[in-house]
Amino acid sequence: MPAGICPTQTTAVPVPINLQVALQRPNAPPPDPAWAVPVTFALYPPGDANTICHQWELTLDQNGRWSGLLDLFTGIYDARLRNLHTLRNVKRNVAILGPSTINMGTLREGDANADNTVNILDFALLRGAYFQDEGMPGFDPRTDFDENNTVNILDFGLLRSSYFMEGDIEIGSSATGVELSWMAEASSPDASAGGLRASVSALATTAAVTLTLTPLQTDLALAASAEFIIRVDASAQPLLGLDIELYYRPAIVTVVNAAGAPATSITAGAAFPVILQNRVDTANRRIVFSAASFDQPASGLIEVARFHLRGESPGPAELNFSSRTLGMDASYRRVALTLPSPSITVGGVSDYRAFFPVMAK
Numbered sequence: 001m002p003a004g005i006c007p008t009q010t011t012a013v014p015v016p017i018n019l020q021v022a023l024q025r026p027n028a029p030p031p032d033p034a035w036a037v038p039v040t041f042a043l044y045p046p047g048d049a050n051t052i053c054h055q056w057e058l059t060l061d062q063n064g065r066w067s068g069l070l071d072l073f074t075g076i077y078d079a080r081l082r083n084l085h086t087l088r089n090v091k092r093n094v095a096i097l098g099p100s101t102i103n104m105g106t107l108r109e110g111d112a113n114a115d116n117t118v119n120i121l122d123f124a125l126l127r128g129a130y131f132q133d134e135g136m137p138g139f140d141p142r143t144d145f146d147e148n149n150t151v152n153i154l155d156f157g158l159l160r161s162s163y164f165m166e167g168d169i170e171i172g173s174s175a176t177g178v179e180l181s182w183m184a185e186a187s188s189p190d191a192s193a194g195g196l197r198a199s200v201s202a203l204a205t206t207a208a209v210t211l212t213l214t215p216l217q218t219d220l221a222l223a224a225s226a227e228f229i230i231r232v233d234a235s236a237q238p239l240l241g242l243d244i245e246l247y248y249r250p251a252i253v254t255v256v257n258a259a260g261a262p263a264t265s266i267t268a269g270a271a272f273p274v275i276l277q278n279r280v281d282t283a284n285r286r287i288v289f290s291a292a293s294f295d296q297p298a299s300g301l302i303e304v305a306r307f308h309l310r311g312e313s314p315g316p317a318e319l320n321f322s323s324r325t326l327g328m329d330a331s332y333r334r335v336a337l338t339l340p341s342p343s344i345t346v347g348g349v350s351d352y353r354a355f356f357p358v359m360a361k
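Take 1 as the starting number for the sequence shown in my numbering and just add one per residue.
Keep in mind the hints are simulated off the structure, nothing from the lab.
Given the structure is predicted, the values throughout are model-derived calculations rather than measurements.
From the three backbone atoms N, C-alpha and C, an ideal C-beta is built for every residue, glycine too.
Keep in mind that a hint or two might mislead.
Quick list of the computed label-pair ranges, beta carbon to beta carbon [unchecked claim]:
| id | residue 1 | residue 2 | range |
| --- | --- | --- | --- |
| 1 | 47 | 9 | 19 to 27 Å |
| 2 | 46 | 13 | 17 to 25 Å |
| 3 | 14 | 285 | 55 to 63 Å |
| 4 | 216 | 61 | 44 to 52 Å |
The list that follows gives simulated cross-link-like pairs (lysine to aspartate or glutamate, DMTMM-like), each with its CA atoms no further than 25 Å apart [what the hints assert, rightly or not]:
| id | residue 1 | residue 2 |
| --- | --- | --- |
| 5 | 91 | 71 |
| 6 | 91 | 166 |
| 7 | 91 | 115 |
| 8 | 91 | 61 |
| 9 | 91 | 48 |
| 10 | 91 | 168 |
Work the whole structure out from these sequences, hints included.
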C-alpha cells in the first residue's frame, strides 16, 4: 500500500480487537482502578504520522486491557496510542486482517501539555497543581500521572523518569528512561495466557526512614524565637525526594525568618535541589515543602529544611506532620516516613523573673 493511503473497502467491518497496554504505576500494580484510564487509539498508513485512517477514544480495564469490536477497513497500519498525560507509542506495520491482539507497550508518563515531549513546560504545569487533590480549585488532572487523585512527589518521580523523552516511542525500540522491572514484565505478552501477565511481582518493601524535628520539645517565651531543623535518616533507604506538610497554630506561633520578619517560605537544605513547593500557608495553618533531585538519590542523615518560630500567645503550637508527608525512592515508589510528635509550647513568660521580698512579721 502506498505511503499516506488508508486501506479502503466498500464498507468498514466490525473487527474484534484486543489491546494490551502497560502503565507506569509503581505504587499500584494491576488490577487497580489507576489502570482504568481513557486512551486515544488510532490507525495510520505505514510510515505516515499525519494521516489518520481510524481513531477511537477507549477506556482500559483495571489490567490495562481493552477488548471489543472496532469498525474499520482491514489492512496494514501503524498503530498509535496515548493517554491524557503520556507520550504516544507507535507500533509499525500492524496487520489487521481479522481478529487481532495488539500489545502497545508501556506508556511513558509526564507529557502534561500533550505536545509529545516531556520538558520544562510539563514541569511548570506540575508545579502549578502541586499538593492539590481532586476537587480542589488548583487540581489539574493532566499532572496526576499516577492517577491517585492527588499531585505530589510521586507524580514528580514519573515526570523525572521520562524527562527530555519524546514520542512517538516505537514499541520494541530502545527508548531512554528508567522502567521498573515489574513494568517490563507487565508489558511483555504471556503466550500461554494470550495477553499481559495478570500477576506482577509484589512491590519491594522499602526500609524504614525516620523524619526528625530538632528541637522536638521546647517552651518558647512570648516574642522569643527558635530555629527548628527537619532531617531524614536515609541511611538504609536512599531518597529521590519528599513531601512535607506541617500544621501549626498561627495564633500561638508565627513562622519567621532569621531576622524575625514573617516568612513566606522556609530554608531548604542542599540534598534536594529541585524545589517543587516551599510556602508558609498561614491561611491553612501549615508549611508546605517539597523537594527532589534530578540526579542521584540522597542517603545518610539529610538536612531537609530549617525554619524559625516566634511565640505570639500562650498555649500549645500544635505542630503536626500530616499523612501527606512521604518520601520517594529511586524506583518512584512511596516511602512511608516515621514521623515525630513535636511538643512546642509558648509559656507566656520571658526569661527574667521578678522577686518580691518576704516581709517579716
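Structure-based check of all given hints:
In this structure the hint that residue 47 and residue 9 lie 19 to 27 Å apart at CB holds, the actual value being about 21 Å. For the pair residue 46 and residue 13, the beta carbons lie near 20 Å from each other, so the given range of 17 to 25 Å is met. Between residue 14 and residue 285 the Cβ separation comes to about 58 Å, which falls inside the hinted range of 55 to 63 Å. Distance hint for residue 216 and residue 61: a CB-CB separation of about 48 Å, consistent with the stated range 44 to 52 Å.
Restraint check for residue 91 and residue 71: the C-alpha separation of about 19 Å stays at or below 25 Å, so the hint holds. Under the criterion of a C-alpha separation no larger than 25 Å, the hint pairing residue 91 with residue 166 is consistent with the structure, at around 15 Å. A C-alpha spacing of about 19 Å is found between residue 91 and residue 115, which places the hinted pair at or below 25 Å, so the restraint holds. Note on residue 91 and residue 61: the hinted pairing holds, with a Cα-Cα distance of about 21 Å set against a maximum of 25 Å.
Proximity of residue 91 to residue 48 is assessed by CA-CA distance (about 12 Å); at most 25 Å being required, the pair is judged to hold. In summary, the hint linking residue 91 to residue 168 is supported, as the alpha carbons are separated by about 9 Å, within the 25 Å threshold.
Figure legend: structure checked against the earlier numbered hints; every hint is met.
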